[in-house]
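Heads up: the protein sequence lines correspond to chains A and B, in order. At position 314 of the first sequence the residue is numbered 813 (my numbering), and the sequence of numbers has no breaks. At position 47 of the second sequence the residue is numbered 836 (my numbering), and the sequence of numbers has no breaks.
The set of hints was computed from the structure by calculation and includes no laboratory data. The reader is advised that the hints may include incorrect statements.
To be verified - Stretch-level coverage of chain A by chain B, calculated; a stretch enters the list once three of its residues show a Cβ under 8 Å from a Cβ in chain B:
no.: 1; segment: 762-768
no.: 2; segment: 774-780
no.: 3; segment: 848-860
As the list claims (entries may be wrong) - Not the full set, but computed from the structure, chain A residues with beta-carbon under 10 Å of chain B:
no.: 4; residue: N657
no.: 5; residue: K658
no.: 6; residue: L659
no.: 7; residue: D979
no.: 8; residue: T981
None of the values given here were measured: they were computed from a predicted structure. C-beta: ideal position from N, C-alpha, C; glycine also.
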Amino acid sequence: MASAIAVVDYREFTKRALVAGFVTLVMASLLVGIEAVSTVNGLEVATRYRAVFCASIGVAIVYFLMEMLKAGRTLVPLIVSLAMIVLFAVLEWARAEGLPLGDQLPFDSWVVNWGVMLVPLSLALRALFITVRPEAKSSRTKTDARTHGFTGFYLRYNKLFGLILIVFAIGFPFMPFADRRLVDVGTLVLTYIMLGWGLNIVVGLAGLLDLGYVAFYAVGAYSYAMFATHFDLSFWVALPIAGALAASFGIMLGFPVLRLRGDYLAIVTLGFGEMIRIILTNWWWFTGGPNGINDVPRPSLFGLLFERSAPPGRETFAQFFDIPYSPSQRVFFLYFVILVFALFTNLFTLRLRRLPISRAWEALREDETACRALGINPRNTKLTAFAIGAMFAGMAGSFFAARQGFVSPESFVFIESAVILAIVVLGGLGTQIGVVLAAIVLIGLPEFFRDLQDYRMLVFGIGMVLIMIWRPGGLLSHRDPTIFLHRGKAKS
Amino acid sequence: MSAAPLLAVEHLTMRFGGLVAVDDISFTAPDAQITGVIGPNGAGKTTVFNCLTGFYKPTVGRLSVTSSRGHFLLEQMDGYRICQNAGVARTFQNIRLFVGMSVLENLIVAQHNKLMRASGYTFAGLIGLPGYRRAERAAVETARLWLDKVGLTAMADWDAGNLPYGGQRRLEIARAMCTDPVLLCLDEPAAGLNARESAELNQLLLSIRDEQKIGILLIEHDMSVVMQICDHIVVLDYGRKIADGTPEAIRNDPNVIRAYLGEEEGEDEMGLVAEATGSAT
């Protein structure tokens, strides 16, 4: 690709940039240009023309710069994008300080402003990159994923990366910036990571598209809630029972869908998920119906409670260690419980990967006919996948019930299944760290960006579309063989 | 007939609605010999195979396998048990490898049942008992043995889908052999191979016959393969068996010549047949 510097046709670039700007103008006007503002006189329609115009002009400029980059001209894009960054940074600083200059900014949320700044930043980085290494100019050429780019980087530092994530996860609650809310978000993210890893067994390894995964989550949650409220079982006793119950529900679902594949399997599992939710809603004398089950006890640490005061005969965590009670103790404790659960799920899956059952799942995903010809029992293999995946969902469900202290059918709607599946697919089917990244992106960021208000879901959607365009196989889609002949036997 | 043959097909009939794909076929395949099944396109060869390996349930007929493992009636068994218990392994006309998995993994998956037992049906393996590690090493050794035989050792860690075509064909045979079968059914193993590759295939099949002492059932179009290595040939046409015998007998059988070259029996055409089959030997 030596002589790829094309004749630069600025008129063509201008034309395309203007078209891009115009499209942005039309779409932005329709999507966010008009808002209903509630005033003393009732609802009034207000326009956000400044935001829309800024966005359109910005898109036109950025598009023009991108075209120039593609043509190999790096200097102008570098200068312009740096200028844009500086301009935005100054304005944002002024806004944060409350100076009148800050009113010139089109958006009044720091998240949006910083997010917008990412665009010229990435342009500048790209320009720099091309200047330094001209041979890497065309990113569209096929490169070997093992040695180049994001996946290659990840593969080289695979273990280190995982270790850093674990250390970070353990240290996270003790960081200066980690307040109670953030740790709570972390707990939520970890719950979804665990669910993602569980579903990864079914969808990623065994290739069975399960759209009703939340049903097993519900089974686990209700199991614990009912065992705890009716039989006074503690969380740690009820946990394996809930896991086993969810696993048996997994087998129950598995039997009728053994012969189904692809879309048909997805439809039936979707129906199963809805069935469980509807049963939970309507079997009111057993499950409490739409009201759910209240006062689900919290988990304890070796019998130590995380409450303000202990009932007679029990002790609280604060009393035992003779420290003042604080509600964040429980939040921190729950965080570590789910961290241990998630790590257990991960360890379990990593061990499974080296066992014949996991290889049979992958083989079954690749070609069921060939599996049968090799004497692999497809029925048992599939049912095992359903059962193990469901078991982890059940355990996560128990944790969910214990954390909320309350369960109701509303927590187990279809969208939950869809989110978990999105985590698995965006992360890259079959990868472990990909699920972590995807869960942070899909669960953590929306929680974190509540500041974006009505843009939040828009950004979420744009993000999903972008990921699917740039990394259609998921964030980290790479499969390493589970066993090697030549690379030494110790490789795990 | 003193001892029962390895494979006995008796009165096999397979109907799909009104279409009779296989009509009352009987033949036997002895142990440690290569039995060829040939016939023009649509003669019902693959249907016979699919009945044998449990993909179809035959309409009528008995398929029995007798080996050191015992006596099995294939038509009554679940598809996967035919390989697992009776020891009948097969390859496919359109190659069916696990293309996303490595070459070695393909061979390890083929030893699934052995490894499942060794891993205590997953439970012992999860705890990490040493028995499974040992079994896995043994499985890798078996795989290495077959990789050496089919000449794929250097590519053991490649994705199976990245192998060249001939390599994929050989890998599929190696994979079938890793299930430790008593009868190996090959559906057109030489299809798409060039002359050198198909000569190598002949050597491979002969060595499997002589070293493993197992029966091989072979569907093939390539006459150079069939005539050279088969000990015994069954010819099908329109779902019926039209001939059965040694390669020499088949080559001179008028029914076979008619089936392959049509009804008119001119001198020239007879010459063509002799040339076609003669050059193969």
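Status of each hint after checking the structure:
| no. | hint | verdict |
| --- | --- | --- |
| 1 | 762-768 | violated (count 0) |
| 2 | 774-780 | violated (count 0) |
| 3 | 848-860 | holds (count 8) |
| 4 | N657 | violated, 17 Å |
| 5 | K658 | violated, 19 Å |
| 6 | L659 | violated, 23 Å |
| 7 | D979 | holds, 9 Å |
| 8 | T981 | holds, 6 Å |
The structure fails hints 1, 2, 4, 5 and 6 (numbered hints given earlier, in ascending order).
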